[in-house]
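Engineer: Spelled out from the first residue to the last, the chains are:
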Amino acid sequence: MASGFETTTEDYIAHHLVNATFGRFPDGHERGGEWGFASSGTEAEAMGFMAIHVDTLGWSIGLAAFFMFFFRRVAVSAAENPAAIPTGLRNLVESLIDIIDGLVRSVFKHPDLSYVAPMALTIFVWVFFMNLMDLVPVDLIPYIAQYGLGIEYMKIVPSTDPNITMGLALSVFSLIIFFSIRQKGLGGFLAEISFHPFGKWLLPFNLALEVVGLLAKPVSLGLRLFGNLFSAEMIFILIATMYTGLVIGLLGGFLQFAWAVFHILVVPLQAFIFMVLSVVYLAQAFDEGEAH
Amino acid sequence: MNINLTLFGQMLAFFFFVWFCMRMVWPPIVAAMVARQEQIAEGLETAERAKKDLSLAQKRATDEIKKARGEAAEIIEQARKRSAQMIEEAKREAREEGERLKAAATTDVQQEVQRAKESLRKEVATLAMLGAERILERDVDAAAHAEMLERLAADL
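Listed in order, the protein sequences are those of chains A and B. Residue numbers for the first sequence follow our numbering, beginning at 576 and rising by one. Residue numbers for the second sequence follow our numbering, beginning at 24 and rising by one.
Where hints are given, some of them may not hold.
[As the list claims (entries may be wrong)] Per label pair, the in silico range of CB-to-CB distance:
{"id": "1", "chain 1": "A", "residue 1": "K775", "chain 2": "B", "residue 2": "E61", "range": "48 to 56 Å"}
{"id": "2", "chain 1": "B", "residue 1": "N25", "chain 2": "A", "residue 2": "I719", "range": "20 to 28 Å"}
{"id": "3", "chain 1": "B", "residue 1": "I63", "chain 2": "A", "residue 2": "G623", "range": "57 to 65 Å"}
{"id": "4", "chain 1": "A", "residue 1": "F837", "chain 2": "B", "residue 2": "N25", "range": "45 to 53 Å"}
{"id": "5", "chain 1": "A", "residue 1": "I756", "chain 2": "B", "residue 2": "I63", "range": "12 to 20 Å"}
{"id": "6", "chain 1": "A", "residue 1": "R606", "chain 2": "B", "residue 2": "A58", "range": "53 to 61 Å"}
{"id": "7", "chain 1": "A", "residue 1": "G725", "chain 2": "B", "residue 2": "N25", "range": "19 to 27 Å"}
{"id": "8", "chain 1": "B", "residue 1": "N25", "chain 2": "A", "residue 2": "L664", "range": "38 to 46 Å"}
{"id": "9", "chain 1": "B", "residue 1": "N25", "chain 2": "A", "residue 2": "K775", "range": "39 to 47 Å"}
{"id": "10", "chain 1": "B", "residue 1": "A58", "chain 2": "A", "residue 2": "I756", "range": "47 to 55 Å"}
{"id": "11", "chain 1": "B", "residue 1": "A73", "chain 2": "A", "residue 2": "N666", "range": "22 to 30 Å"}
{"id": "12", "chain 1": "B", "residue 1": "A73", "chain 2": "A", "residue 2": "A791", "range": "54 to 62 Å"}
{"id": "13", "chain 1": "B", "residue 1": "I63", "chain 2": "A", "residue 2": "V836", "range": "36 to 44 Å"}
These aren't lab readings, by the way, just hints derived from the structure by calculation. Just so you know, these numbers come straight off a predicted model, no measurement behind them. We put the beta carbon where it would ideally sit given N, CA and C, even for glycine.
Just chain A, same shape as in the assembly (with noise of 0.2 Å):
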């Protein structure tokens, strides 16, 4: 166990599953209504709804506006320069938006793709770094910023957070209904959901099966990303947990690789999934008059 504060294996796992919660102190606490940050498992859970997870936000705004500043800079070049033969970064860029738009456009027939396209872009590049950060080894930026800056608590990988999948996944979910509403307009919309598939007769059945089917979108899209990245998490974090002694450690050491190498495929795949998945419900959205 490479960090030092504690003394079981539990409270090791323990530590590593709690966010530097930022929040409002519950009434009954000793700070009851202040703001500040929990200084423990417990005081985190207390806190509720009235809190941040800056570890997690914070490394998930600063992955995309890393990737972000470098897309931008390709941006730029390429409208300086149009004609330049494409190299390093902008010829990565110009392929992976490439492969995007294409993959877009098969999924996607409504000809406006002015949004989706770069929505899509966007998820798969951000949860594909947020995914990334798993391959870090767990303790180390925690280690880091335990002794070398003082916090208490670090997580690093923004898809073992929930709130971070199920935020990506509430704002696709709130495009499709956005975009469904614009498309068929409020009546049409509520028609699609009211009238099919039994017709007018079952409406309440109909309604209950097609606000289900609305509303499994974003929970599988969240829950999905969320269920693969922490699990993995785990596992990296448990592990961790071997490294006690000569012949253990060096099992956990093999683990830990193996482990990591088949990781490499999990990350860009769940990223890809998650991308392809945003595409095709905003695509179903869009679908006018489709016949069930």
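Given chain A's structure and the hints, the job is docking chain B onto it.
Structural biologist: Frame of chain A, contents of chain B only:
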């Protein structure tokens, strides 16, 4: 592990970054890609056209060469004919000149012969006169017999 304000923070960040990507990243890059695609298509088209032009020019050049070659052959043929003609003419002229010269020479010779005959005739008359004088041992009246001698000389 609980749901809290982070959710909304993430949603706000999502909308901001998607907006940023949509406004500041996607359009210029796609525009550049489209521009480059057009440029490449244009380049290919130009190359195709140039290739066609080249083949046309080559064909024209081959035609020109063929024509030039034909003309040259014709000129050479004409020259050959002309030279043969000139030689023939020269030969003919030479022959004529020769014949003319020969004729002139023949006339000269005949005139010479005539002249020689004439002088011989005169000599013979004189000699005959002398002979006769000697034979007669007397002076012959030359003037009296001249006419007779002239006739004799003309008969020779």
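Engineer: Now, for every hint given, state plainly whether the structure supports it.
Structural biologist: Results for each hint:
Restraint check, K775(A) to E61(B): a C-beta distance of roughly 52 Å satisfies the suggested window 48 to 56 Å. Between N25(B) and I719(A) the beta carbons are some 26 Å apart, a value that agrees with the proposed interval 20 to 28 Å. Between I63(B) and G623(A) the C-beta distance comes to about 59 Å, which sits within the given range of 57 to 65 Å. Between F837(A) and N25(B) the beta carbon distance is about 30 Å. The supplied range of 45 to 53 Å is therefore violated.
Look at I756(A) against I63(B): about 42 Å separates their beta carbons, and that is not inside 12 to 20 Å. Range check, R606(A) to A58(B): about 59 Å between beta-carbon atoms, so the 53 to 61 Å window is met. The hinted window of 19 to 27 Å between G725(A) and N25(B) holds, with their beta carbons roughly 25 Å apart. Remark: the range hint 38 to 46 Å for N25(B) to L664(A) is upheld by a beta-carbon distance near 39 Å.
Range check, N25(B) to K775(A): Cβ separation about 41 Å, and the 39 to 47 Å hint holds. Checked against the hint of 47 to 55 Å, the C-beta distance between A58(B) and I756(A) comes to roughly 36 Å, which is inconsistent with it. Between A73(B) and N666(A), the C-beta spacing of about 29 Å keeps the proposed range 22 to 30 Å intact. The beta-carbon spacing between A73(B) and A791(A), approximately 60 Å, falls within the hinted interval of 54 to 62 Å.
Between I63(B) and V836(A), the C-beta spacing of about 39 Å keeps the proposed range 36 to 44 Å intact.
Hint compliance for this structure: hints 4, 5 and 10 are broken, all remaining hints hold.
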